[in-house]
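> Spelled out from the first residue to the last, the chains are:
4 protein chains.
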Amino acid sequence: MSVPYKIEASEELLVGGQNEQTRASAKVPIIARQFVSERALKTLDIVEKFVEEECIPADPIYAQQIGEGIANRFSAHPQIIEDLKKRARELGLWNMFLPKNHFKEGAGFSNLEYGLMAEYLGKSHIASEATNCAAPDTGNMEVFAKYGTQEQKDKWLKPLLAGEIRSAFLMTEPDVASSDATNISLKMHRDGDHYVLNGSKWWSSGAGDPRCKIYITMAKSDPDNSNVYRQQSVVLVPAETPGVTIKRMLSVFGFDDAPHGHGHITFDNVRVPVSNIILGEGRGFEVIQGRLGPGRIHHAMRSIGSAEKALEYFLARANDPRKKPFGKFLHEHGVMLERVARSRIEIDAARLLVLNAAMMIDSKDAKFALKEIAEAKVLVPDTLLKVLDRAIQAYGGAGVSQDTPLANMWAHGRTMRIVDGPDEVHLIQLGRNENKKGKFFLDKIEWQKKKSEEMAKSYGIEKRDILQLDRQHSKAKL
Amino acid sequence: MSVPYKIEASEELLVGGQNEQTRASAKVPIIARQFVSERALKTLDIVEKFVEEECIPADPIYAQQIGEGIANRFSAHPQIIEDLKKRARELGLWNMFLPKNHFKEGAGFSNLEYGLMAEYLGKSHIASEATNCAAPDTGNMEVFAKYGTQEQKDKWLKPLLAGEIRSAFLMTEPDVASSDATNISLKMHRDGDHYVLNGSKWWSSGAGDPRCKIYITMAKSDPDNSNVYRQQSVVLVPAETPGVTIKRMLSVFGFDDAPHGHGHITFDNVRVPVSNIILGEGRGFEVIQGRLGPGRIHHAMRSIGSAEKALEYFLARANDPRKKPFGKFLHEHGVMLERVARSRIEIDAARLLVLNAAMMIDSKDAKFALKEIAEAKVLVPDTLLKVLDRAIQAYGGAGVSQDTPLANMWAHGRTMRIVDGPDEVHLIQLGRNENKKGKFFLDKIEWQKKKSEEMAKSYGIEKRDILQLDRQHSKAKL
Amino acid sequence: MSVPYKIEASEELLVGGQNEQTRASAKVPIIARQFVSERALKTLDIVEKFVEEECIPADPIYAQQIGEGIANRFSAHPQIIEDLKKRARELGLWNMFLPKNHFKEGAGFSNLEYGLMAEYLGKSHIASEATNCAAPDTGNMEVFAKYGTQEQKDKWLKPLLAGEIRSAFLMTEPDVASSDATNISLKMHRDGDHYVLNGSKWWSSGAGDPRCKIYITMAKSDPDNSNVYRQQSVVLVPAETPGVTIKRMLSVFGFDDAPHGHGHITFDNVRVPVSNIILGEGRGFEVIQGRLGPGRIHHAMRSIGSAEKALEYFLARANDPRKKPFGKFLHEHGVMLERVARSRIEIDAARLLVLNAAMMIDSKDAKFALKEIAEAKVLVPDTLLKVLDRAIQAYGGAGVSQDTPLANMWAHGRTMRIVDGPDEVHLIQLGRNENKKGKFFLDKIEWQKKKSEEMAKSYGIEKRDILQLDRQHSKAKL
Amino acid sequence: MSVPYKIEASEELLVGGQNEQTRASAKVPIIARQFVSERALKTLDIVEKFVEEECIPADPIYAQQIGEGIANRFSAHPQIIEDLKKRARELGLWNMFLPKNHFKEGAGFSNLEYGLMAEYLGKSHIASEATNCAAPDTGNMEVFAKYGTQEQKDKWLKPLLAGEIRSAFLMTEPDVASSDATNISLKMHRDGDHYVLNGSKWWSSGAGDPRCKIYITMAKSDPDNSNVYRQQSVVLVPAETPGVTIKRMLSVFGFDDAPHGHGHITFDNVRVPVSNIILGEGRGFEVIQGRLGPGRIHHAMRSIGSAEKALEYFLARANDPRKKPFGKFLHEHGVMLERVARSRIEIDAARLLVLNAAMMIDSKDAKFALKEIAEAKVLVPDTLLKVLDRAIQAYGGAGVSQDTPLANMWAHGRTMRIVDGPDEVHLIQLGRNENKKGKFFLDKIEWQKKKSEEMAKSYGIEKRDILQLDRQHSKAKL
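Chains as they are written, first to last, in the UniProt record's numbering: chain A, 1 to 478; chain B, 1 to 478; chain C, 1 to 478; chain D, 1 to 478.
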């Protein structure tokens with residue numbers, strides 16, 4: 001079998017010398033290229049090769065190593081992921097997500113540079129984990145690195161950075177409208193040197209994995225605080241703490257995402273030492289706001305990669321000689337080609353929006369990029385789902401089944417419109433920010449109208465569109 | 001009356017010290033900023049001030065100076081445009097469109113830099129003409145500069161660069177499907193030292209203006225050439241040439257766009273000297289392809305400006321205290337705010353696509369940026385029309401009438417999906433280009449599947465989703 | 001010239017014996033057919049012939065008889081409309097809009113039957129007026145017939161029914177959010193035997209026509225009434241009353257709709273006798289609610305006709321042998337055919353919605369059909385605009401210009417999303433009505449869940465999706 | 001627990017006497033009501049009660065009785081379905097799908113009447129099977145009833161009508177573009193008194209159920225026939241025939257639809273007696289065309305019910321007091337209410353389209369209703385998916401998980417755009433049919449233009465939009 005990508009020699013990247021296809025580094029949009037170091041470009045090509053040649057072929061192996069039966073699936077740890085992790089470290093692909101201007105622990109790339117890499121990671125189910133760049137660990141590691149005490153870092157950040165354990169972020173709750181985080185209501189009170197937690201969480205992604213050892217947990221510690229943004233705290237809860245029970249695993253359009261999974265977890269008098277607090281009591285909002293920004297960009301860029309993969313599948317099908325309805329290749333049906341083109345446009349526009357947001361973060365921090373991140377958060381999943389829907393339709397039955405990755409990608413993509421805040425919340429916040437300029441625009445337009453009237457006078461012009469039709473005297477005067 | 005923008009001191013750009021509003025140079029997307037020179041940034045602010053303070057207030061004056069009655073409207077030359085041109089030259093705003101790396105005659109900006117300026121020019125009906133950056137003169141000047149003989153340049157380019165005359169580009173024809181340029185069929189044959197032209201053209205934009213002196217005209221000179229891209233020539237036809245008649249002016253959704261206008265022109269044995277040929281016989285396609293690229297970017301960026309203006313109007317209305325249906329400002333109705341947010345996202349994504357395309361042109365030439373230009377050509381008008389539609393709906397009756405510029409902007413925006421090639425043509429070309437990679441993707445996916453099978457063997461895995469249900473013996477085997 | 005439609009012999013309705021085309025009566029959706037009388041079916045065919053053979057060819061004549069120049073255009077009364085009215089009366093096509101179960105003055109058809117006819121009237125600019133079925137006269141006549149005193153009927157209804165005068169309905173105002181009718185604020189107070197009116201109205205459609213003699217006017221007579229729906233009155237204002245001035249005419253996307261037009265009218269101490277009140281003081285809302293229902297159905301069905309006409313134009317273009325981009329008829333481009341098909345589906349669905357609403361009105365009255373009317377009011381213009389947009393795109397430049405009726409139809413169609421209440425108002429009311437069932441559905445779903453739990457017990461089933469993962473002891477229990 | 005629906009007394013259908021909610025018979029669109037017999041109306045109410053009170057609560061029981069593990073899931077036969085079948089027969093709800101004017105074996109309802117019932121069946125996963133109205137048995141029974149020999153009927157139709165066995169329809173194949181049925185290529189040749197079959201099929205829905213005993217199979221019996229519509233035959237293959245293997249079961253967005261399922265089946269020298277042919281060799285297309293029409297209407301009406309259920313869930317969530325983001329019920333957020341309203345409109349329009357199609361079938365047969373069926377086939381799934389997407393978004397995480405039926409409904413709804421021919425095939429056929437009128441419309445419009453010119457002459461009018469701008473002499477002539 002000939003090898004399509006050769007990691008050692010990125011110059012000969014192509015299958016059988018095909019010229020249409022260029023390597024990842026050559027496909028960076030021109031407007032972003034100058035901001036990507038030579039080292040990052042080289043790494044990007046290695047990421048592409050690693051994903052296309054090693055991770056994507058491994059995706060089905062991983063699926064099969066998980067096994068069958070819900071109890072098995074959530075205690076499995078596929079061997080292949082460890083083999084890929086080993087390989088990734090050899091290739092220097094490890095912890096690329098930690099941005100260089102904020103963290104010394106990472107691989108030394110900017111958010112923009114990592115964003116480009118994340119696009120390729122998004123093409124494989126397991127490439128992110130293989131390079132220790134998988135959510136929710138990435139955001140959790142950022143929390144530890146930014147806000148953790150030395151003790152917390154030693155205990156949790158170190159093994160996370162080494163890929164030895166995994167972690168979960170427990171925020172969403174089943175009994176409240178979690179899209180408004182002030183509603184979070186897991187009970188937390190201090191009892192001596194401990195905090196005691198009671199209540200339940202769900203959509204605790206990653207909690208299914210037996211290697212998931214630590215839950216970063218948002219709880220309501222001060223429900224009576226007049227400032228609703230000071231009622232919450234974030235506290236560390238080791239997975240093995242007595243009183244913690246994973247009640248059940250949630251499915252996503254029929255997929256269980258094992259062993260990672262999405263847990264529904266109950267807390268029954270769960271006690272953790274007070275030293276497990278992050279940043280301090282009442283500072284929960286501070287923690288989650290610091291956490292979410294870059295993570296949304298990672299999701300967005302992986303989604304761009306997912307959209308590209310969908311388009312690749314679409315194009316493969318359009319050129320499949322076995323699939324010729326009405327005597328023509330799918331690509332000879334104009335409707336299909338127009339969908340391909342629209343997909344190309346929409347993906348390219350969405351990618352630029354994400355890269356621009358990544359640069360905003362790089363230039364300062366995630367808070368500074370609030371608008372840009374929200375824009376990407378809303379546009380990208382919408383784009384991804386459109387492209388996937390077209391690809392699925394081109395495949396027909398194969399598109400909705402296990403024979404292509406499209407249905408699974410769609411299910412995952414659909415959740416992107418919900419996780420980390422549903423579209424509606426981001427849109428209303430974006431809308432409110434835009435609206436702040438409304439009064440200025442109202443004044444400006446008024447000013448321009450007045451200036452126009454003054455100009456009219458200076459030119460000796462009377463307003464022309466006044467046609468007085470004096471019906472009483474049955475005649476029109478211009 | 002207090003002045004909102006002070007051209008001399010760009011630091012004090014704001015109305016009444018409002019902080020939400022920043023000047024143009026500060027709103028350049030971060031990913032593009034580094035490619036904009038200090039001089040261009042400064043000019044950009046001056047463009048914004050000139051447009052907002054002088055051109056937009058002058059728009060209604062211009063409309064009123066055109067007068068009434070079709071004969072008047074197409075012989076008018078409003079005084080205000082000459083006053084604005086004088087002012088623009090004082091401010092150094094002249095011929096900014098001619099890109100520095102290709103033409104020495106221009107103001108020395110890149111396509112990216114001019115693109116940013118064009119956004120602001122797009123907010124006023126007359127700002128482009130006031131700065132001698134109006135279509136179709138811009139593209140026509142590029143044709144002269146790139147392909148003209150010295151004699152042609154002296155006679156036509158010089159007065160065009162000086163803003164003394166105007167020009168038209170005659171391509172589209174009423175009796176063929178002009179979306180496919182090979183159909184162009186104005187007859188052209190050589191008779192001694194002259195070419196003789198017969199037939200008709202329409203959508204000859206700008207031909208209504210009495211100052212329009214020269215028609216750059218595409219004709220079929222060699223209908224029997226086996227190469228359909230060598231059958232056409234481009235030739236110069238002075239407007240006053242005997243046999244040329246503007247049969248009528250076309251309207252756009254009820255607007256006549258006087259005095260500029262869109263002409264339907266007939267050619268009845270029109271004779272021009274053979275020296276009027278551009279580049280040479282049979283090279284028409286070469287000329288039009290070289291012409292159209294940057295022009296599409298100009299259109300696109302002006303459309304971005306138009307979309308921004310629509311959003312400004314939308315926000316102004318949303319904050320108009322006289323317009324409170326059901327006791328609430330429009331911005332207090334969630335539906336409106338979501339539309340504002342979606343508009344913001346869509347405009348920002350579209351702008352990045354255009355700027356990226358401009359950079360592609362800057363990096364080499366328009367041909368190199370074929371894909372990027374086509375992407376912008378399709379996405380931007382679609383975005384503009386969506387934003388305009390929302391703004392119009394927020395205004396109700398005022399939105400469709402002469403009381404806002406929105407209806408006129410919409411009519412103009414709608415033509416953008418047709419001029420310079422309809423959406424469908426660009427989509428099919430984009431689709432075909434993408435499709436070239438189809439075979440590669442098909443092979444790659446096959447390769448990945450085979451590799452996966454090999455990996456499965458090496459891990460001792462049998463394919464798991466095979467459930468053999470042997471109905472004959474009524475039992476299932478996993 | 002052969003005649004395509006022969007009114008006398010509806011059996012031979014077709015051009016040149018073409019078999020694909022059937023007459024109007026044969027195209028009534030099967031689900032509605034049984035509700036249409038033989039007489040109505042026959043009239044329907046006559047309407048179709050009259051519109052296709054006499055009105056549509058007359059449309060350009062009408063446009064040309066209006067002339068040029070704003071003063072001329074609003075004093076013109078094209079002769080052709082009187083000739084068509086004479087012809088329509090000969091054919092028995094007069095006042096078909098007045099429904100038989102509510103008014104004795106009409107032609108004796110149901111709303112459903114007239115709805116079917118209105119579809120054909122909607123294909124010509126002037127067919128509605130030619131048959132005395134034009135808005136706003138239709139709604140105004142209904143007001144007179146339902147609520148008028150005998151004196152009011154004699155003076156205004158009689159000449160309106162005879163097509164001798166025209167009328168306007170003055171509701172919308174420029175200075176308030178008229179989408180919420182409680183905001184209407186034209187001042188009205190009683191002074192002896194007169195009411196005195198002050199303020200302004202706009203979008204007074206039809207007021208431009210010199211034959212428009214009476215304004216049915218909504219005004220605020222009791223601004224302090226605690227019931228906001230009792231503050232308004234509707235009063236008759238003859239057009240020639242001193243103090244009434246048509247300040248100017250409004251345009252719609254550049255069209256002035258002359259001579260009908262849309263007036264901006266000022267009231268300066270306008271005095272009318274108290275006997276001019278309709279129904280009584282404070283009963284304005286009652287009047288306008290009784291007026292609007294059927295009118296919305298008329299608009300909707302005319303819009304269906306407009307959509308059909310757009311599709312006819314689209315198909316004509318798709319088969320125009322002069323218009324073959326890339327060597328193929330437009331109908332050979334799959335993208336075009338798919339758009340044709342989608343248009344067909346959307347029009348057919350929208351028509352059924354309107355006909356169902358018409359039947360609801362027929363079965364009782366417009367109030368009973370509130371939901372159905374609102375549904376049609378929102379869906380139909382949206383459908384019309386989509387179909388028109390596709391047709392325009394197929395025509396390219398001809399589609400936006402005066403060479404097809406499409407641009408004018410689009411402009412008119414766009415206003416349909418605004419007039420008689422913008423989409424948003426109808427949607428919010430529909431939404432609120434639907435939401436009344438929310439509590440019931442919540443209870444029902446809860447009840448079903450509880451029942452399910454009881455059934456589970458009776459079948460000895462434990463809930464299956466509970467996977468308890470006891471991380472403390474590192475094991476999973478199913 | 002109080003009972004919301006009492007089957008015995010349909011007058012007291014409501015939960016707690018709520019007045020907003022009315023029973024099914026009262027919700028029949030007015031335009032369809034007259035075509036529904038009293039008996040059908042009464043049955044409709046019983047269907048509604050049976051579904052809401054007995055089937056929907058049983059849905060989770062059914063899911064749990066299937067069990068876990070792929071081998072188990074496809075050998076399970078949940079007891080509850082037999083209990084429900086018994087109950088349905090008691091209530092007289094059995095085989096309602098067989099239309100009265102075509103089959104004597106059914107319950108004696110028209111397609112329109114059954115369509116109304118199917119809407120309610122579509123609200124439960126198992127109600128269709130419980131009433132012996134489930135696909136693909138329904139279509140298969142129609143095939144037997146229409147085309148079967150007495151022997152075939154005795155052997156297969158009888159137990160199918162009695163609900164004792166189930167069946168599958170094997171058409172789609174993995175290795176060809178099955179959207180074009182002429183591509184079907186399962187090999188079939190005659191060998192003595194037997195046909196021998198070789199090849200594979202997939203998306204053989206229902207084949208997973210151990211009670212599925214007979215496969216109606218389309219095969220290519222005469223590949224060289226010059227008429228591509230005569231190359232196929234339909235033949236009966238008992239599930240237990242040697243050589244038949246269910247290779248694997250396909251999933252739909254992660255759902256396996258067990259035990260019904262979607263099989264991938266291989267044929268290895270499968271021999272069936274020649275008496276197993278349906279209708280005769282080469283008549284396969286005849287059989288499948290006769291089969292598909294009504295089935296598409298059933299699917300469509302069940303999808304309408306699914307959409308109604310989605311809207312019910314949406315409204316329930318919008319009124320859930322535990323889910324109040326930003327301090328307000330979801331229904332107090334205007335964006336949500338507008339989505340509710342749009343859903344209401346779209347569902348109502350789509351339902352009318354289906355009912356109209358059902359009436360067309362009733363009036364003659366499915367072939368006569370080709371256009372109407374195709375319209376419903378395309379519009380309904382599109383509508384369903386839009387409504388479901390909005391409901392899912394309102395639920396957030398619960399919407400994509402097993403906690404609501406929405407995700408499963410979505411997955412199933414998505415396949416509706418593919419099964420029985422993808423959208424694109426129906427659109428192209430619809431488009432082609434519409435296009436047949438194109439030439440007529442082209443001629444008509446030409447005729448109208450000529451007539452208009454004649455009228456212009458008779459009125460003494462010259463064409464007005466000709467503005468001759470004679471540039472040579474620099475003046476305009478009107």
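Derived by calculation from the structure, the hints in this document are not laboratory data. A couple of the hints might just be wrong.
[Said to hold, decoys possible] Label-pair ranges, simulated between beta-carbon atoms: (1) B/Ala162 <-> A/Ser458: 22 to 30 Å; (2) A/Arg39 <-> B/Arg211: 37 to 45 Å; (3) C/Pro238 <-> A/Glu453: 51 to 59 Å.
[Said to hold, decoys possible] So these bits of chain A aren't anywhere near chain D, every CB distance computed over 12 Å: (4) Ser37; (5) Gly106; (6) His189; (7) Leu250; (8) His262; (9) Phe285; (10) Ala398; (11) Leu442; (12) Lys450.
[Stated by the list, open to error] No more than 16 Å apart at the CA atoms, straight line, and that leaves these computed lysine to aspartate or glutamate pairs for EDC-like: (13) A/Lys436 <-> B/Asp320; (14) D/Lys386 <-> A/Asp389; (15) D/Lys187 <-> D/Asp59; (16) C/Lys85 <-> C/Glu68; (17) C/Lys450 <-> D/Asp268.
Note that the Cβ used here is the ideal one computed from N, Cα and C, for glycine as well.
> Quick one, are A/Lys436 and B/Asp320 close enough, alpha carbons at most 16 Å?
It holds: about 13 Å lies between the C-alpha atoms, which stays within 16 Å.
> Would the least Cβ to Cβ distance between A/His262 and chain D come out above 12 Å?
Given that some Cβ of chain D is not farther than 12 Å from that of A/His262, nearest at about 8 Å, it is violated.
> So is A/Lys450 really clear of chain D, every C-beta pair being over 12 Å apart?
34 Å, holds
> A/Gly106: least C-beta distance to chain D exceeds 12 Å?
31 Å, holds
> Is the Cβ of A/Phe285 farther than 12 Å from every Cβ of chain D?
Label holds. Min Cβ-Cβ 15 Å, cutoff 12 Å.
> Has the given pair, D/Lys386 with A/Asp389, been kept, meaning a C-alpha gap of at most 16 Å?
It holds: about 13 Å lies between the C-alpha atoms, which stays within 16 Å.
> Was A/Leu250 rightly flagged as not at the interface, with every chain D Cβ beyond 12 Å?
Nearest chain D Cβ is 4 Å from A/Leu250, so the label is violated.
> Does the claim that A/Ala398 lies off the interface hold, with its Cβ farther than 12 Å from every Cβ of chain D?
Non-interface label on A/Ala398 violated, nearest chain D Cβ at 8 Å vs cutoff 12 Å.
> Is 51 to 59 Å respected by the C-beta to C-beta distance linking C/Pro238 and A/Glu453?
Violated, at about 34 Å.
> Report holds if the minimum CB distance from A/Ser37 to chain D is greater than 12 Å, and violated otherwise.
At roughly 39 Å from the nearest Cβ of chain D, A/Ser37 sits farther out than 12 Å, so the non-interface label holds.
> Tell me if the straight-line CA distance from C/Lys85 to C/Glu68 falls inside 16 Å.
Not satisfied, since the Cα-Cα distance of roughly 24 Å exceeds 16 Å.
> CB of B/Ala162 to CB of A/Ser458, is that within 22 to 30 Å?
Distance hint for B/Ala162, A/Ser458 holds at roughly 27 Å.
When the structure is compared with the earlier hints, violations turn up for hints 2, 3, 7, 8, 10, 15, 16 and 17 and for no others.
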